[in-house]
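Engineer: Listed below, chain by chain, are the residues.
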Amino acid sequence: MTKVSFPLMGDYYVPAKFLLNHILKVEVIEPPFISNKTIELGSKYSPEFVCTPFKYTLGTMIESIEKGADTLIQMGGGCRYGYYANVQKEILDNLGYDVRVINLVTKGQMDIGRIYRLLKEIDPKVSKLQTVYYSFLVIKMVKYMDLIDDYIRANIGFEINDGEFLEVRNLMLNDFAKVKNYRELRRLYKDYFWRFKKIKVRKPDNCLKIGIIGELYTIMEPFSNYFLEKELAKNHIEIKRFTTAHYLLFEKAFKIKKYIKYVKKYIKYPMGADASDNVARTKYLCEHGYDGIIHIKSSFCTPEIGAMPIISKIAGEYDVPVLFFSFDANTSETGIKTRLEAFYDMLEMRREK
Amino acid sequence: MKDGYLGVDIGSISTKGVIIDDKNNIIASSYIWTEGNPVKAVRQLINNLKKDLPSDYQIRGIGTTGSARKLIGLMLRANIVKNEITAHAVGTLTFYPNVRTILEIGGQDSKIILLRNGIITNYAMNTLCAAGTGSFLSSQAKRLGLDVNEFGKYALKSKNPVKIAARCTVFAESDLVHKAQVGYPKEDIIAGLCKSIVLNYLNNVGKGKKIESPIIFQGGVSKNEGVVKYFKEVLNEDIIVDPNSHLMGAIGIAVLARKNKVGHVYNLEMTNVKFDTKAIECHRCPNNCELLRIYRNNELVDSWGSKCGKY
Chain E
593 MTKVSFPLMG DYYVPAKFLL NHILKVEVIE PPFISNKTIE LGSKYSPEFV CTPFKYTLGT
653 MIESIEKGAD TLIQMGGGCR YGYYANVQKE ILDNLGYDVR VINLVTKGQM DIGRIYRLLK
713 EIDPKVSKLQ TVYYSFLVIK MVKYMDLIDD YIRANIGFEI NDGEFLEVRN LMLNDFAKVK
773 NYRELRRLYK DYFWRFKKIK VRKPDNCLKI GIIGELYTIM EPFSNYFLEK ELAKNHIEIK
833 RFTTAHYLLF EKAFKIKKYI KYVKKYIKYP MGADASDNVA RTKYLCEHGY DGIIHIKSSF
893 CTPEIGAMPI ISKIAGEYDV PVLFFSFDAN TSETGIKTRL EAFYDMLEMR REK
Chain P
309 MKDGYLGVDI GSISTKGVII DDKNNIIASS YIWTEGNPVK AVRQLINNLK KDLPSDYQIR
369 GIGTTGSARK LIGLMLRANI VKNEITAHAV GTLTFYPNVR TILEIGGQDS KIILLRNGII
429 TNYAMNTLCA AGTGSFLSSQ AKRLGLDVNE FGKYALKSKN PVKIAARCTV FAESDLVHKA
489 QVGYPKEDII AGLCKSIVLN YLNNVGKGKK IESPIIFQGG VSKNEGVVKY FKEVLNEDII
549 VDPNSHLMGA IGIAVLARKN KVGHVYNLEM TNVKFDTKAI ECHRCPNNCE LLRIYRNNEL
609 VDSWGSKCGK Y
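From first to last, the protein sequence lines are chains E and P. If you count the first sequence from 1, position 253 lands on 845 in the numbering used here, and the numbers rise without skipping. If you count the second sequence from 1, position 87 lands on 395 in the numbering used here, and the numbers rise without skipping.
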């Protein structure tokens, strides 16, 4: 039997595993959680100046191959992400692993027909009807996860009993992995949303609000941004983040034109990957009373490097401070903490005056 | 009894300490080398400060800043532990309330802080590279056979500074060796080095930042007259260097300690407190976290470095 695995990104392994389990008659191997070992393996075999997500995903791939996987699924397009699958396949071949690497996204777009053909390659008996049904179910699941995460991000910094949000969230992910049909998913979502709302928070009306923008993988995989969101929550800050899996896969294509129109003063054409989105979000955050913006990217992320001067310019016009972070495989954690602390102090001082 | 507040700034190269009174006057100050052992340096620093402190003062607040702030904060039981950016801004603002730009070059890092109406509006810190910081200067001084303190005077003698490729410390060093072997006089090379630090700072940390006067230059490197001269030349503005510029971070944290005092009186008897750190590696998961456990009088007070929060 084919053993399928995929690189990790945040908690999206739950819907990914769910989908593969239901539509393919294969064994799904859950990739191990990202740890220092992952990134060590990844950096060892990657070109040195490749963007950091490449190193993380390559590391996870090697770890899942060691666990027995022989088919790896990679997503991504839009920038260098589009070439990840091919380059990683080459590297894995050179290392002597006999695996298949499949890229589900082409040219940054989801082509349903092509995905179906690819799935057929893995399992020739894949059923069309089931694929469609479970795909829609998973799209909904991702959407619900993102909606709940939005609520958590806005409130987790103010919880009265530490760790309550994460505890309920883990229960939720466990239950989501077991749903059978659409109706059950919807019921679970409503139940859990209610449970999250019941968690006691002490949130002042004028709390500090920070928007996080930047390159998608680094934003969504907490290990690669050194648990930035957790660190911010410790300082009682409300966090707003736009990039989610649902946005990237299903909303971006429709929204990008609107975004470029919104910031037509600064940019005219799409800048590749998430760069133009981030420019638009900067303007949005500035206009909606956010105290500060944190821009994170992996080192050598070219589209974001192009967006950074425009972001500084917009933020300068609205007088909102921006903190730029560039994460690599071996960034010093102390340096990040010092800068974050100073950023937080600065926002407090600005508030007081 | 009068009240005093102790601020300690433990940097990568030097350790600074001041004691201020209620009106922010400096009562005692000390500046020594860290030499890679912050605990030992702070013990000596406290001894130096104790000698200068008049007997009618008692310490009502302690603050620590700098790269070893957390460790020393535990050791001294400080009531406030803050990052160096905030400390420098607060320290400078107590003496120059209308400062707009603070340039700071320390041993290992360099920062720029922009202020308006007495609040920080923006800041930046060097990220990837230590080119153009104090440690680079001191290592180059050593190879040229000079003391860092004489560096500035040498630089001022030069009329024709050489150009040095200063984007990167390693390349700058090889360029420097090359210039010396070709036969350029020493003072021209030193002046070129000072100028390259200024250009590197402005291109790297100061990129995209509006530098407006009044400008204050501080940190250890501000004691180098050559660097100050080239800052003036390149920015075409007046640069203020306070006589206490090297102590600004310590003053800032002492001011913050005064503002956050808890009413407790501190004892500066350091010699009879045993303070140890133990490094162990945890192998419970593939993260292999390096844990640092801190003991005060053989009693575990804190432990850092774990990713899962078990320790």
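In short, the hints are calculated from the structure, not lab data. Quick caveat, the model's predicted, so the values are computed rather than measured. Positions of the beta carbon are idealized from the N, C-alpha and C atoms, including for glycine. Hints are not guaranteed to be accurate.
Part of the chain P face toward chain E, derived, beta carbon under 10 Å [to be verified]:
#1 Ile393
#2 Tyr431
#3 Gly514
#4 Gly516
#5 Asn596
#6 Asn606
#7 Val609
Engineer: Which numbered conditions among the earlier hints are violated in the structure presented, ordered from lowest to highest?
Structural biologist: Hints 3, 6, 7 are the ones this structure does not satisfy, whereas the remaining hints hold.
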